[in-house]
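Those letters in the sequence shown? Residues 1 to 545, per our numbering, in order.
In case anyone wonders, no lab produced these hints; they're calculated from the structure.
Relax, there's no trap hidden among the hints.
Simulated pairs of lysine-lysine, DSS-like, Cα-Cα distance not exceeding 25 Å:
| no. | residue 1 | residue 2 |
| --- | --- | --- |
| 1 | Lys88 | Lys472 |
| 2 | Lys105 | Lys88 |
| 3 | Lys472 | Lys106 |
Label-pair distances were calculated between CB atoms; the ranges are:
| no. | residue 1 | residue 2 | range |
| --- | --- | --- | --- |
| 4 | Pro359 | Phe449 | 25 to 35 Å |
| 5 | Gly66 | Asn31 | 49 to 59 Å |
| 6 | Thr75 | Arg41 | 45 to 55 Å |
| 7 | Arg133 | Thr186 | 25 to 35 Å |
| 8 | Asp46 | Gly17 | 42 to 52 Å |
| 9 | Gly26 | Leu67 | 54 to 64 Å |
The beta-carbon is built from N, C-alpha and C at its ideal position, and this holds for glycine as well.
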Amino acid sequence: MDKLQPIIKNRFWILAGLLLPLAMYGFFSANSKLKAATESRETALDGVLSGIPGGTNDANEKYEQGLKKINEAYTKNVDQSIVGIWNKQQERMTWPNVVRNHLPKKFLGDFDYRGVVAYQAAYPQLMKDLQARVEPVMPMEGSRGLGGGPMIGGGAQPKPADVPWQQKVILAASIPQAHFGRMRPTSEQIWNAQIDIWLLRLLFDSVARLNEDKDSATEAILRRIDTLQLVGGDGEPVLTGGSSGGGGDGSGGYGEAMTGPEPGAQGGGYGGGAQTGGTKVAPISFSPAQEFGSDLDSSGDGGGGGGGADDMAYGGPGSGGGGGAQNQTRLRYIAESEDAPFLERGFYMSVIIMQDKIPDFLVALADSEWPIRVVRYNVGKNPHYSEKRTTGGFLPGFGSGEEMTFGPAASDAFGGGSGYGGGDRALGGVGAKTGIPGVGNLIQNLPPFADAAMQNPNLVQLDLCGVITMYKQPQIIIDAIDNPSASSGGLDQQGGNPAASEELAPAATEEPVSGDSDSAAADATPEAAESTTDENVNSSELEKL
1 MDKLQPIIKN RFWILAGLLL PLAMYGFFSA NSKLKAATES RETALDGVLS GIPGGTNDAN
61 EKYEQGLKKI NEAYTKNVDQ SIVGIWNKQQ ERMTWPNVVR NHLPKKFLGD FDYRGVVAYQ
121 AAYPQLMKDL QARVEPVMPM EGSRGLGGGP MIGGGAQPKP ADVPWQQKVI LAASIPQAHF
181 GRMRPTSEQI WNAQIDIWLL RLLFDSVARL NEDKDSATEA ILRRIDTLQL VGGDGEPVLT
241 GGSSGGGGDG SGGYGEAMTG PEPGAQGGGY GGGAQTGGTK VAPISFSPAQ EFGSDLDSSG
301 DGGGGGGGAD DMAYGGPGSG GGGGAQNQTR LRYIAESEDA PFLERGFYMS VIIMQDKIPD
361 FLVALADSEW PIRVVRYNVG KNPHYSEKRT TGGFLPGFGS GEEMTFGPAA SDAFGGGSGY
421 GGGDRALGGV GAKTGIPGVG NLIQNLPPFA DAAMQNPNLV QLDLCGVITM YKQPQIIIDA
481 IDNPSASSGG LDQQGGNPAA SEELAPAATE EPVSGDSDSA AADATPEAAE STTDENVNSS
541 ELEKL
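Using the sequences and the hints, build the whole thing.
This is how it looks when you write it as structure tokens:
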């Protein structure tokens, strides 16, 4: 036992010396097998990877064809939607009965000579019918004095106008209108005039819906229209200048060609501050060019294919604005493009409205049958409200009993000042100094309730501008007109289902013109409306792709 004591005493080191080599042997033995298995697996994976063919920069042909079919299907859906919008739009694209047999088959097409003559004769009544839609307050009848007032020192007393509507809105603004003069208008001028009638109807109908449950101007929600313009622009907003009144802001003279002088429209023009009982109110008006860009046509080609420049209607070359702008044509539409399926025309309005009903008016515009969007509005004090007012005196009826101002302020009120729409020439070009008698500018010799309607303390001035969208005639319809035989019948080649028949030029109810004995409804396009067949793209077809 004594000999074993050294071994027992050093047993730890003896065992450690024996186990360490064994552990190292087991580790390296297992590691070598694991390494061999890993190398074998990597070699196998490398073989699989090397067997995959190398790609190129070219798109996968099968995937490309699949995307192409999907895009074609979506394009057909968009085209069919545009056709549906066009058909719906035509419900309001009405023409007078006297023109129905002379309408071109294509949108913005040429009229024959008889159609030109018929439309020119019907146009004044069309504008009067347009004005009636807003139910304007009409001047009192029986006045023959200077400025529309009664004769001084005797004569018949004025009496309320006998009209078939309830008088709800003071229409102080000039209504945008064409001035054909003595010359026969061109087809382009006829289209421009009629398109603007369609657009103005949308605005007037919105006002009428807002006031539909009211009985008079003293109860109406929107009580006065001081400014009404239809404008175009290059789509590049003019960011300089605040108000467009006074000396101007270099914005291209918006409005001169759209509206004429506005006597008595003290709060709605561009001529600076309003006069209310001798107190000058800061203007809230602004130039539409700040939203739509300049309306001066710098291309020199008269505009694009959607109607061209606005060089005939509403003033043309002689429309004021000062400087070299007088001889330049004006853009009718906003950022017009031949590739776009629609046209956009801007509008500017200055109205007197109940303050708490402004949202209702904006909703009424947005609810129109054609797309309307308001892009900007300003709200300010009602310039026609004053605690200090005078009645009677010289020129009774002028300005609805408001205090008259002479000098520079009076000059601006008559359209001769520096504001927008300066001078009679704003109403028309050379030889067209005035508009259609009795259309717009209804501010003289108004009944007493018109003055009282402006004295509600809740009334405010609202200046706003917006955009009205009108779709062009779809290309599929134009192709059907050019080649009717190629558009008839057929089966859906992809699905094998009969193609749905799409009426491309549906009938539109026509408006009768006073004095026209023919009251039959007619189409917005010729009676022989072209029809075509197109392939339908359904959701199941897209799912297959």
